[in-house]
Structures are given as C-alpha cells and as structure tokens.
Amino acid sequence: MQYINAQYYKNKTALITGASSGIGAATALAFAEAGANVVLADVNDADVVLQAIQAINGKAIYINADVRQSEQVQQLIESSVKEYGQLDYAFNNAGIIGAAYEAIDQFEESVWDDVIDVNLKGVWLCMKYQIKHMLSQGSGSIVNMSSTAGLVGSHLGSAYIASKHGVVGLTKAAAVEYAKANIRVNAICPGMTDTKAIEDVFKGKVARVKAAHPLGRLGTPEEIASSVLWLCSDDASFITGHTLTVDGGYVAQ
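Following my numbering from start to finish, the sequence shown increments by one per residue and tops out at 1445.
Among the hints, erroneous ones may be present.
[Unchecked claim] The following label-pair restraints were derived from C-beta to C-beta distances:
| hint | residue 1 | residue 2 | range |
| --- | --- | --- | --- |
| 1 | S1262 | E1300 | 21 to 31 Å |
| 2 | A1389 | E1300 | 18 to 28 Å |
| 3 | K1397 | A1365 | 28 to 38 Å |
| 4 | E1369 | A1389 | 26 to 36 Å |
| 5 | R1400 | S1328 | 45 to 55 Å |
[What the hints assert, rightly or not] Computed list of lysine to aspartate or glutamate pairs in EDC-like fashion (alpha-carbon distance at most 16 Å, straight line):
| hint | residue 1 | residue 2 |
| --- | --- | --- |
| 6 | K1204 | D1426 |
| 7 | K1320 | E1263 |
| 8 | K1388 | E1414 |
| 9 | K1324 | D1386 |
| 10 | K1313 | D1258 |
In case anyone wonders, no lab produced these hints; they're calculated from the structure.
Don't be surprised by glycine CBs; every beta carbon is placed ideally from N, CA and C.
Using the sequences provided together with the hints, build the complete structure.
If you want it as structure tokens, here you go:
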C-alpha cells in the first residue's frame, strides 16, 4: 500500500487495539509501511502481524491488553510511551459482534454487558488514558471504530447497534472537549468488510450481504486502513468530531 504523504507518519507512534486480525491487522501493517512505530494491542496473540511488520523492516511491539480493564489499558499506554517516547495516533478498533442476534425482549443481559463493555466502555477507557498522555504531549489524533450500525438501525443485534451509536456520540463529545488542546478525535463507520468475523456471522449469506451494498461487494481491510491513516494525517488537520462512512454506499440508500 502506498501513501503519497507517508512523511506524516515517519517516526511517529501508532497504537492499534484489536490488532491481531482483520481491520486492526491491516491498519497496523499500513502504519508500519508508512514508517510509523506500531503498538499492537489485543487479548489474542498478534505474532503473525508482528512478523509481517518485521518482514518489511518495520518497528512494532505487541502488548496483551483487555480494553475492558482500566489497569490494563493504563499500563498499555504507559508501556507504549516508554517504548517509543510518544503516542501520536490511536486507532481504538477492538470490538465484538456478540454471541446472539435476538430481539430486545429476548436478549441475554450477559451478552449485552459483554458487547457494551468491549465496544463502548473499551473505547472510553482507551481514550481516557490516551488523552492524558496527548495532553502532556500537546497533540494527538484518535480514530474510534464505529460501524454503519452506529448510523442506522436494523433487525436484531441491538447491543451491537447501541454500542456503535454510543461510539459516535462519545467521539463527538471528546472532539469538542479536546479541540483546543490540539487533539483530534474522529470515528470511522465501515460497511461490511471482508474479514473472518463477517464470514463467521453471515455463513452462507455473504452473497446477500454483498448485494445489500450499492457497489455490490464487501470492503477490504486495506480500504478501511487507508481511511484511518488519512484521518490521522495532517491532510485531515481541520477534521475533528467527524464520522467517516466507508461503506460502498450502504447508508445512502
């Protein structure tokens, strides 16, 4: 993947949560290709991504961290800064779809709590400690992972939809609170993207999912990664509080 303004990322530090696979992995590799130091954060092993970055002579470390746990998130940020001296970009990507697609009156409370804790509380905790450092540093750019499910409703999946709508609101609030501190906060809302998670959820229905998008296909993790890097770059320096939809026209219908 080539970036016209790759100089923006040279020797900067980018933290990606949920970095072991899918969009997170693609974004981590893209930052590394552009010259950034990369912190891979996940509860799952990220050796494959780490090796891919090392294969292109990129710089990266892996830190096991559960975004639901305040102490682990705080340690993640402290370890990242200790390793690279700064934290310029953060992509708060870690998320889960949830174990059930049920009507609201049938939804299990434990499933609801799991989805909200990872997708919404996790983003808040990450921003809390990222922003603390960025305030002392004097700048920073954060991109939060939402979804088209953060913009429109759909049948079933209420916990996921609520969590992703919450990310959009949280992003706008943070953008307003920290704009004068030179910290930009934006959200990205992908449509259905060609990842294992989508394959697992929509087994046997991928053709129908593709057809639901006006472009007639799924997005790629690399396309989402490009959008994240752009939002972090100086090319987007006057953009904050924005929700960037990268969805093949899905919500335009």
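For each hint, the structure was consulted:
S1262 and E1300 have their C-beta atoms about 25 Å apart, which keeps the hinted 21 to 31 Å range intact. Range check, A1389 to E1300: Cβ separation about 20 Å, and the 18 to 28 Å hint holds. At roughly 36 Å, the beta-carbon separation of K1397 and A1365 lies within the given 28 to 38 Å, and the hint holds. For E1369 and A1389, the Cβ-Cβ distance of about 31 Å falls inside the hinted range of 26 to 36 Å, so the restraint holds.
Distance hint for R1400 and S1328: a CB-CB separation of about 49 Å, consistent with the stated range 45 to 55 Å. Distance check on the hinted pair: K1204 and D1426 sit about 12 Å apart at the alpha-carbon level, within 16 Å; holds. Among the hinted pairs, K1320 with E1263 is consistent with the structure: their alpha-carbon atoms are about 12 Å apart, no more than 16 Å. Restraint check for K1388 and E1414: the C-alpha separation of about 14 Å stays at or below 16 Å, so the hint holds.
Taken as a hint, the K1324 and D1386 pair is broken in the structure, with Cα atoms around 34 Å apart against an allowance of 16 Å. Our distance criterion of 16 Å between C-alpha atoms is met by K1313 and D1258, whose separation comes to about 11 Å.
The structure shown violates just one earlier hint, number 9.
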